[in-house]
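Chemist: Sequence:
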Amino acid sequence: MDVHLDVPTTDYAGRVEVLEGPTGRRVRSEADKARIAAESLMPGVQVAAIARKHGVTRWQVYDWRRRLRQGRLALPESMAPMFAPLMVDEPSAPQRTMRPSKSTPAKVEIVIDDIVIRTAIDLEHLPQVIRGVRTSR
Numbered sequence: 327m328d329v330h331l332d333v334p335t336t337d338y339a340g341r342v343e344v345l346e347g348p349t350g351r352r353v354r355s356e357a358d359k360a361r362i363a364a365e366s367l368m369p370g371v372q373v374a375a376i377a378r379k380h381g382v383t384r385w386q387v388y389d390w391r392r393r394l395r396q397g398r399l400a401l402p403e404s405m406a407p408m409f410a411p412l413m414v415d416e417p418s419a420p421q422r423t424m425r426p427s428k429s430t431p432a433k434v435e436i437v438i439d440d441i442v443i444r445t446a447i448d449l450e451h452l453p454q455v456i457r458g459v460r461t462s463r
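Residues 327 to 463, numbered by the numbering used here, are exactly what the sequence shown covers, in order.
Hint data in this document are derived by calculation from the structure and do not stem from the laboratory. Here the structure is a predicted model, which is why all the values come from computation and not from measurement. Each residue gets a CB set at the ideal place from its N, CA and C atoms; glycine is no exception. A few of these clues could be false.
What the hints assert, rightly or not - Label-pair restraints from in silico Cβ distances:
1. M368 to A446: 52 to 60 angstroms
2. I443 to W385: 37 to 45 angstroms
3. D389 to V414: 24 to 32 angstroms
4. L452 to P417: 25 to 33 angstroms
5. A419 to V459: 22 to 30 angstroms
6. R352 to R398: 39 to 47 angstroms
7. S418 to Q396: 46 to 54 angstroms
8. I447 to P411: 40 to 48 angstroms
9. K379 to E356: 14 to 22 angstroms
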């Protein structure tokens, strides 16, 4: 049996993984590809780091991510997205609904420094506009 290493053997080679088969290539299952692609989509993760970690090229990871987005790779159940439960509080007091005003509109001119705003407003809403202008200054 011939042994071929990608690194010089003069120093300690560390961990050596033996790949079997006619080509010596690693064959990954679809689940492994989906898991690696999903891991690379996590926030703050770099594709190159994930590729190094799993012994693949980053272009393989990019290809698996594209296939995952297209639905051609199935995401393992352990990596399936989880959603936070929706919590809705009941309003403590009934909210006022805005109903059409029956009053006549008044023409208003608001001057703040060099800005002039001219508009028409219902008299019922005028106190709210005045309070808003006063608090903005």
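Chemist: None of the hints should be skipped; say for each whether it holds.
Modeler: Here is what the structure says about each hint:
Remark: the range hint 52 to 60 angstroms for M368 to A446 is upheld by a beta-carbon distance near 54 angstroms. Roughly 57 angstroms separates the CB atoms of I443 and W385, a value that falls outside the hinted 37 to 45 angstroms. Remark: the range hint 24 to 32 angstroms for D389 to V414 is contradicted by a beta-carbon distance near 42 angstroms. A beta carbon spacing of about 27 angstroms between L452 and P417 agrees with the range 25 to 33 angstroms that was offered as a hint.
Separation of A419 from V459 is about 27 angstroms and conforms to the stated range, judged on CB atoms against 22 to 30 angstroms. In this structure the supplied range 39 to 47 angstroms is violated for R352 paired with R398, their Cβ-Cβ distance being about 20 angstroms. Checked against the hint of 46 to 54 angstroms, the C-beta distance between S418 and Q396 comes to roughly 47 angstroms, which is consistent with it. Evaluation of the 40 to 48 angstroms hint for I447 and P411 yields a pass: the beta carbon distance comes to about 43 angstroms.
For K379 and E356, the Cβ-Cβ distance of about 19 angstroms falls inside the hinted range of 14 to 22 angstroms, so the restraint holds.
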